[in-house]
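Participant: Listed below are the residues making up each chain.
Protein chains: 2
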Amino acid sequence: MATIDKNSVGIAATRSVRVVQADAPLELSCGKSLGPIDVAYETYGELNDAGDNAILICHALSGDAHAAGYHSSEETKAGWWDNMIGPGKGIDTNKYFVICSNFLGGCSGTTGPSSINPATSRPYGLEFPIITIGDMVKVQKLLLDKLEIRQLLAVIGGSIGGMQVLQWAIEYPDFVRAAIPIATTTHLGAQSVAFDAVGRNAILADADFAGGQYHGGKGPDRGLAIARMIGHITYLSEQGMREKFGRELRSAAEYSYDFNSEFAVETYLDYQGRSFVERFDANSYLYITKASDYFDPAKDYGSLRQAFAEVRSRFLVVSFASDWLFTPAQSREIVDALVANRKDVSFCNIDSPYGHDAFLLELDVLGAFIAGFLTATHRPGLGAGEKKPTDSAAAATPIENAFRTRVDYELIESLIEPGSTVLDIGCGDGELLARLTEDKDIKPEGIELSQKLVSACVARGLPIIQHDIEDGLAGYADKNFDYVILSQTVQTVRNPQKVFDELLRVGKKVVVSFPNFAHWRSRAHLFFGGKAPVTEQLPFGWHDSPNIHFLSLRDFDEFCRGLAVTVEKKIPLSKRRLRPVRFMPNLFAEQAVYVTSRSQAFGLKETYRREAEDG
Amino acid sequence: MATIDKNSVGIAATRSVRVVQADAPLELSCGKSLGPIDVAYETYGELNDAGDNAILICHALSGDAHAAGYHSSEETKAGWWDNMIGPGKGIDTNKYFVICSNFLGGCSGTTGPSSINPATSRPYGLEFPIITIGDMVKVQKLLLDKLEIRQLLAVIGGSIGGMQVLQWAIEYPDFVRAAIPIATTTHLGAQSVAFDAVGRNAILADADFAGGQYHGGKGPDRGLAIARMIGHITYLSEQGMREKFGRELRSAAEYSYDFNSEFAVETYLDYQGRSFVERFDANSYLYITKASDYFDPAKDYGSLRQAFAEVRSRFLVVSFASDWLFTPAQSREIVDALVANRKDVSFCNIDSPYGHDAFLLELDVLGAFIAGFLTATHRPGLGAGEKKPTDSAAAATPIENAFRTRVDYELIESLIEPGSTVLDIGCGDGELLARLTEDKDIKPEGIELSQKLVSACVARGLPIIQHDIEDGLAGYADKNFDYVILSQTVQTVRNPQKVFDELLRVGKKVVVSFPNFAHWRSRAHLFFGGKAPVTEQLPFGWHDSPNIHFLSLRDFDEFCRGLAVTVEKKIPLSKRRLRPVRFMPNLFAEQAVYVTSRSQAFGLKETYRREAEDG
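So the sequences go chain by chain: A and B.
Note that the first sequence covers residues 0 to 614 in numbering that gives the first Met the number 0.
Note that the second sequence covers residues 0 to 614 in numbering that gives the first Met the number 0.
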């Protein structure tokens, strides 16, 4: 027997409950009704007395209710997300009550096309109505009602599971406190629809499909295997496949010169196809992929922005860099629509070679994100406290630390009005935002490039989006924030003017700090030494500096004049004192903090002018 | 009837010739023999008296001998590469004699699995021997022998056609003057093998396949259509499909809630599958994809470098940025192996959204590259002359022009020994290399990032590789060049030390020129003006400068000392005079040219030292 380790939820049983009776069928999106509906589900952990620790897990295409633990002590293979769910794991069953159910249309206990149609007393087959992600979520809600769950701390799922998460947040805004859609999309693109269609074609073209009534017969095993093989290629990345299989031959060193599978990748796919056929129903494959093709809240609500207009949950959106089925760009569409609605959203695009499958494999990184986000949602106070400053400092690189000059932080804090909305660009581990939240009760948002620092911000409970400021801020409305902060960063971006224009567009006021390149030490360095300045404030050689632009207070003044920017405050600073440098600041200030703004009218006029020039 | 325009080759007939007789069969790679072999081919243009203008076109999976023109005045669809081949087109039939043949194993006139097996008097089916790209090329060579072609000016082909091009260059080094492999690879990666395998599975799993003896029967149309659909998805890019189809529905505004094709991309694939089945043979699909899976000259020769060791043709390697079937990285492997063998190779990764299919669609850009390369190969003198300097100057951006300060070119030219091998990094339109080739009889190679400038160099007959120097020079051997030139570029790269290390590795001498940041005007600008320098030599503002590092002569001296670089010559210059600045050069020189070097031993020692530190 398998030894069940102490981090496992242990023996778990799949239970079944009838959520829709035959005499009161459920009305589906397609207009037809369905009943009875039974749901297979498992639970792990305990619902607490407050009833505020319930988490729903939504599975993907080939998953089932068995997300964690073992069905018996003889079983060697644990549930499909066992490394994520358990005592002390990313979704900690010591803290949370976790529910996972097989979705409607599935073939692992919940009513689906292989269930008996009461009207004919034989399996539904193609008589099963077309279902949608919305229908799946309705059935999950009925299950939670049966279990007397009044609110979910979180809904979490990857791929098609992530679609259900989005549907939950949209349809039941008051029921869901946190939504964690992973490696998913609000709509399949043409390429993914195409792959799904070819897979369904392979099943439908199989002579043994028998119009869906193959039960008792041979069944469309060859077609289903082909569909699975196609799917499997899309779940892996090209890099992942190359590294795993390359051009390795299964057994011989030389080609066999026949049509048998001989490359290792071929026999791998054969195995995937074969084993899938043993555990999955071809009709379910048709129905689930169709539901996935149909998912499109933007179509349902007029636009994605309108779809998310009423959501109330916090969001943690996660994508994986090498996922080409549901791409990082598709996750960004979710984030941008939430941002446009000013919702509480965090986003990370996790660096991984495992493609779409990464949501089943990158469990350490993903688990840390989920754990931090759940804690910060469940116990906000604790969340911020649990993360010690040393943890986040450890995550910062030396260069990042070099910029974290405390004196400009202190000064910036003094400039922010209490209760403001604040966006911090390159917010690092979120220290400044956390201080401002604590001291000034601001509504914080952060943008940061480093995955580690994003994770630290998530654990702090800060809404944080992983993003390169050079790519602009298209998702944000004009004058979205009272303050935008760009601390010690303007000199490191490739296109300062483009970045600055964007900040002035989305922020009523933009607070900028930068090192003064015309400080007397720098001037002397070049003038007398004939060398590019290396000083305490600019501590890098000419060739290894992250600073790729050099500017003085005077340069920035002129820059602002040229861009029709109002300089509301200009505070030249030394490195260590909060007191402004008043005497010849361009010579004696080591850094400066500016508060700038530009009227909304400028942006419009400027746009018109540019269009006129183009025309 | 269709109006045949004057740029068409007009009416073209497919002819057939027996190249292998039944009694003298051809020995194939798999060890079996095959005969008789008939070849279907077309020709366009005229072979000239010198016999030096013949070009062979190799087609891809679903192509045939009918590459250009029309079979009759009633035909509305021209040959598959008609926009590339014709009077005045990229492959100009006024200048060249163009041959295209259906390859061995095909189903459009050349012997293949649907031909009659003389041993059984029925179609071969699966009794046809497994063939390779090498076998295809052997048969093409037999055709050219029949046509009394003694040498090819060029072999050109995309995709599987590109594999044949590579095979030609490797197997018949003296027969091919120029090889133009487009959107191809020396070996399919695991992902592409997987897609091929699934496609073959779909055919083999079709109940109507009948072990390959389906002739006269229904045939595996459904399987072949599925294979074609899978293939078609891989020929387009995700972006291309998104832009072409999006989530558009074929006819209705609302979902049909059934399993009929309803998304536009589904009906498009249905059409592609259906029309393919009408014109293509399922067995040929099996044999051709297998030949493509097997293609792997690195396996045949021990390594890719060894495979290319004896090639003698000039190479123009072309990839397309959005091609994810045969990726730009795979084309780079070809380029790197040729570079390692010091072959004459040019490379461009054409920016296109059309994925793998771009070789059939991006005909303007591709045609210009091919035309320039063919001219430069066919009439080298003319090639250089045909391209007027104004053309290439027009291709350069203002910033590029700003760097082309003639005085450092003149000086650099004076430093190069006649007959040297020279690599020019960021060579622009190739002016310096062309001058050096003309005046000093050097062996030139260039590296350039801009597609337009690469095209200008190709037309000049210069070996030019599109490449970002920041990515290093891994393909080049140590001390590969007598001189490497880095003119007015060191201050614009992100990581000057890494770049400089690479140049010193591949070049015996490295010639560097850069603007002097410590010129008195710059110093004065900062010292007295308190602003980042904007001078004639550094004509950009702090925020819009392409210069992201600032260095003086003294900075560079120290930099060289720190990296154990020998400064062989140091020539401070003013902007306009060739005479060196001798008095206080760090103050009075506007720019400088250095000749530097580093002994090979340093690199080794350095490597050992770094490894020791890592350990």
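No lab work stands behind these hints, which were simulated from the structure alone.
If you're wondering where the values come from, they're calculated on a predicted model, not measured in any experiment.
One or more of the hints may lead you astray.
Remember, identical chains collapse to one label, so a pair may be satisfied in a single copy or spanning two.
[Stated by the list, open to error] Result set (SDA-like, lysine to any residue): computed pairs, CA atoms no more than 25 Å apart in a straight line: (1) K497 x L448; (2) K507 x E409; (3) K478 x L146; (4) K94 x A209; (5) K298 x E253; (6) K31 x I115; (7) K298 x E247; (8) K497 x S544; (9) K298 x I468; (10) K243 x V505; (11) K140 x D299; (12) K442 x D500; (13) K298 x S255; (14) K243 x A563; (15) K497 x N546.
Participant: Now tell me if each hint is right for this structure.
Facilitator: Status of the hints after comparison with the structure:
no.	hint	in the structure
1	K497 x L448	both (18 Å within a copy, 23 Å between copies)
2	K507 x E409	within (21 Å within a copy, 53 Å between copies)
3	K478 x L146	neither (45 Å within a copy, 74 Å between copies)
4	K94 x A209	neither (49 Å within a copy, 60 Å between copies)
5	K298 x E253	between (53 Å within a copy, 10 Å between copies)
6	K31 x I115	within (17 Å within a copy, 56 Å between copies)
7	K298 x E247	between (45 Å within a copy, 11 Å between copies)
8	K497 x S544	both (21 Å within a copy, 13 Å between copies)
9	K298 x I468	neither (30 Å within a copy, 46 Å between copies)
10	K243 x V505	neither (45 Å within a copy, 33 Å between copies)
11	K140 x D299	within (20 Å within a copy, 61 Å between copies)
12	K442 x D500	within (23 Å within a copy, 48 Å between copies)
13	K298 x S255	between (51 Å within a copy, 15 Å between copies)
14	K243 x A563	neither (56 Å within a copy, 41 Å between copies)
15	K497 x N546	both (17 Å within a copy, 17 Å between copies)
Comparing the model with each numbered hint stated earlier shows that hints 3, 4, 9, 10 and 14 do not hold.
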